[in-house]
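Chains A and B, in that order, are what the protein sequence lines are. Quick note on numbering: our numbering labels position 239 of the first sequence as 239, and the sequence is numbered without any gaps. Quick note on numbering: our numbering labels position 192 of the second sequence as 192, and the sequence is numbered without any gaps.
Don't read these hints as lab results, they were simulated from the structure. Just to be clear, a hint being listed does not mean it is correct.
Covered stretches of chain B, as calculated for chain A (at least 3 residues, CB under 8 Å) [claimed, not checked]:
#, segment
1, 66-73
2, 95-104
3, 132-142
4, 217-224
5, 245-258
Ideal placement from N, C-alpha and C gives every residue a C-beta, glycine not left out.
If you want the building blocks of each chain, they are given just below.
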Amino acid sequence: MPFWQRVLGLRPPGPVITIRRHAVVTRIAHWVNALCILILLMSGLQIFNAHPALYVGKSSDFDHPVLALTSWEGPDGLRGFTWIGQHRIDTTGLLGVSDVDGVATPRGFPAWATLPGPQWLAMGRLWHFAAAWLFAVNGILFALWAIGRGHFRHDLLPTRADFKALPHTFVEHLKLRFPEGDAARHYNSLQKLSYVLVIFGLGPLVLLTGLTMSPTMDAAFPQLLWLFGGRQTARTIHFLCAFSFFGFFLIHIVMVVLSGAWNNLKSMITGRYVIGDCHGD
Amino acid sequence: MATDRSLARRRFLARIGAAGAALSLSGCTRLSQKPWVGDLLAEVEKLTRRAQRLFAGGHALAPEYSEADIAPAFRANGTLDPATTEYDAHAASGFADWRVTVSGLVEHPLSLSLAELRALPSRTQITRHDCVEGWSCIGKWTGVPLAHVLAMGGVKPEARYVVFRCADNMAPAGAPPQFYYESLDLLEATHPQTILAYKMNNSPLTIKHGAPVRLRAERQLGYKMAKYINGIELVADLSGIAGGRGGYWEDQGYSWYAGI
Chain A
1 MPFWQRVLGL RPPGPVITIR RHAVVTRIAH WVNALCILIL LMSGLQIFNA
51 HPALYVGKSS DFDHPVLALT SWEGPDGLRG FTWIGQHRID TTGLLGVSDV
101 DGVATPRGFP AWATLPGPQW LAMGRLWHFA AAWLFAVNGI LFALWAIGRG
151 HFRHDLLPTR ADFKALPHTF VEHLKLRFPE GDAARHYNSL QKLSYVLVIF
201 GLGPLVLLTG LTMSPTMDAA FPQLLWLFGG RQTARTIHFL CAFSFFGFFL
251 IHIVMVVLSG AWNNLKSMIT GRYVIGDCHG D
Chain B
1 MATDRSLARR RFLARIGAAG AALSLSGCTR LSQKPWVGDL LAEVEKLTRR
51 AQRLFAGGHA LAPEYSEADI APAFRANGTL DPATTEYDAH AASGFADWRV
101 TVSGLVEHPL SLSLAELRAL PSRTQITRHD CVEGWSCIGK WTGVPLAHVL
151 AMGGVKPEAR YVVFRCADNM APAGAPPQFY YESLDLLEAT HPQTILAYKM
201 NNSPLTIKHG APVRLRAERQ LGYKMAKYIN GIELVADLSG IAGGRGGYWE
251 DQGYSWYAGI
């Protein structure tokens, strides 16, 4: 199939069959999750902007952040810097200093990336915790359903054959060649691995590191602090998790588009997915 | 009753729908400015409080640390010096005439001097201070458990909240004074680590850290821990005080429950 046709996700030439790709639970959980992650990422950046620096340990060693977004009034105006350890990068316009209503302003992340746009920590927190509840409940219900109804074992858990096929699948993905026909009936090894890691690894990790930042949760479960190496380390891991989600989201969108935007999008709404019928001829 | 509920449900669903429809970047900012959005999101605060109380109860202690963990430079936030004529006079005299009153719904209203507070049973704890902004500092605090002071006053059964009155004026120059205040419910107020601290790292509190008396409520965020305390008032509800949301920052939109 020509590349552009596949990208558009139009019907492949020749006979096709429509399979039921996603259960209704998967579809609902997917879109609830997508909405939650968008709100969580943007409100999370709003919260981060209140103190745009990350540390390792129990408390904040203000002189030694592992990451910091700072601003500095120099001879050529306000400059924004991103510090990774002692390494300084000028990121004026994006990180450290960015335009708010046309005026260069000291800010961690720019206004277009935060929820709400203006500096408003109290409201950012309200959005973040509301979305966090929905994200957690939705994620836990989906995980229980997936395990209970066999979706996890049958469709998501990579098999030994999947692991063997992993290098090949990886190279095929880099060449933008995706499984077709019968092979497209199931998730491929890369999909399985990334979905399992995100749903059963990154999801719980982001939740637990988030809870570790709560002083009341630390009183109830001091083990959390031990597990993550202190509140500030937990905050740093939480931030890394957020960017892992962002990275997953970007690759996910690219893959969805390249492997058939319309067919993929439709299947996540109606559940039905069209594949070429290799046995039809 | 049933129609009321279905109407409320319809309104709720309509709002969820409106929220979804308006979910664009500027939409979210605009949404945030609508009072009902704040109210809806604030409902979540109650859920969070109930869930955290379920796990932490009234007794789970905040982690305590060792001397080696104490921050060499503990950051101070909020008011760093009340700088009123009255406060400056107190500071100049070493707070010899400072009083902390206990009033409101108590059997025996009290007025305690610093010397009297220091003579009461004390607790020393090395704890982590978590600012709502995200940073943490570890410090050592000595003070009298608030539960002890409340017991001396005799809390009346109808009292539900403890309000802390402070000497720092938050209003801009020229405006009517608006003193910092905070509040805790009785469960958090009587927690063993909730103390009226008068010492930090073995020395009397410095002005930037709330001299002469500040609150430590170790399972809460920093803004709950009022500095420059001169009054403790027991009340049945918070709606009649200042903005009615239970604290200076709460009146600016921050959550009253600050366990997360």
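Evaluation of the provided hints:
1. Residue count for the segment 66-73 of chain B with a Cβ under 8 Å from a Cβ of chain A: 3. That meets the three needed, and the coverage hint holds.
2. Residues of the segment 95-104 of chain B with a Cβ under 8 Å from some Cβ of chain A number 0, which does not satisfy the need for three, so the listed coverage is violated.
3. Taking a C-beta to C-beta cut-off of 8 Å, the segment 132-142 of chain B contributes 7 residues in contact with chain A, enough for the three needed, and the coverage statement holds.
4. Coverage of the segment 217-224 of chain B by chain A holds [criterion: at least 3 residues with CB-CB distance below 8 Å; count 4].
5. Only residues whose C-beta sits within less than 8 Å of a C-beta in chain A count toward coverage, and the segment 245-258 of chain B has 5 of them, enough to reach three; the restraint holds.
Hint compliance for this structure: hint 2 alone is broken.
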